[in-house]
Amino acid sequence: MKSYLDLLDHVLTHGKPRDDRTGVGTIGVFGAQARFDLRDSFPVLTTKKLHLRSIIYELLWFLNGDTNVKYLQENGVTIWDEWADENGDLGPVYGKQWRRWQGAEGAEPIDQIARVVDSIKNNPTSRRHIISGWNVVDVDQMALPPCHTMFQFYVDTTANELSCQLYQRSADLFLGVPFNIASYALLTRMMAQVCGLKSGEFVHTFGDLHLYKNHLDQAREQVSREPRPLPLMKINPDVTEIDQFKFEDFELVGYDPH
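In our numbering, the protein residues as written are 1 to 258.
It should be emphasised that the hints constitute simulated quantities derived from the structure, not laboratory data.
Model, not experiment: these values are computed from the prediction.
There could be a bad hint or two in this list.
Under the rule of at most 27 Å between Cα atoms (straight-line distance), these lysine-lysine pairs were calculated in the DSSO-like manner [unchecked claim]: (1) LYS70 - LYS121; (2) LYS48 - LYS234; (3) LYS16 - LYS246; (4) LYS16 - LYS48; (5) LYS16 - LYS198; (6) LYS70 - LYS2; (7) LYS198 - LYS213; (8) LYS16 - LYS121; (9) LYS2 - LYS49; (10) LYS234 - LYS198; (11) LYS213 - LYS48; (12) LYS121 - LYS198; (13) LYS213 - LYS70; (14) LYS49 - LYS213; (15) LYS246 - LYS2; (16) LYS16 - LYS234; (17) LYS121 - LYS234; (18) LYS246 - LYS234; (19) LYS213 - LYS246; (20) LYS198 - LYS70; (21) LYS198 - LYS2; (22) LYS49 - LYS234.
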């Protein structure tokens, strides 16, 4: 995960102070990118331990089209609790937009995931394999507007590989970004499998990339550590539909973090 540590070093070196909605304060840059090879390893941080259980369950929650924290809580995941209302609802967040984007009044909701799976299979060289979480009509009703706003898939028809690029408008580099990298790397692996393709790259593009000031010492500690070999992610090969995946279908092998 040298590319992640390079991002940390870049923000520590070039980040400028900015106010933020939390009042903690940040240093940040605008516009950055990192690339992660998915062919022979899985990009999960090794300079500190990452809670992969939360990442997998959250991704399955998104793919289920769910917007209530009940499913997450039932599986020991609390990362969305602080934004939920008294009934556990979050408004029309990621799952709603991915699976039930509301189009014109009276029209059927649009399942962006299913549409892109079909597009990848039947028109692989299309430049329209895009999924957006930023629905301007719904943003004000969301408990938290999407930080990872849109992503695009790309099929290399020569290598038979699927790659993904994410645009993230706002990125907490210390806490959030390691989760985002692993989540979208896993989603790319899953999409590749159900589309009969190999995995290529995950490209992570950032808008406002920042470190909170209370994380600066920990970020410097991360940069000082030597990355260890990346693990492998085994996925149940029998799963052929994006809606069939469950937690038990994933196994991280050889993960040895600091």
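Which numbered hints fail: 1, 3, 5, 6, 7, 8, 13, 15, 16, 19 and 20
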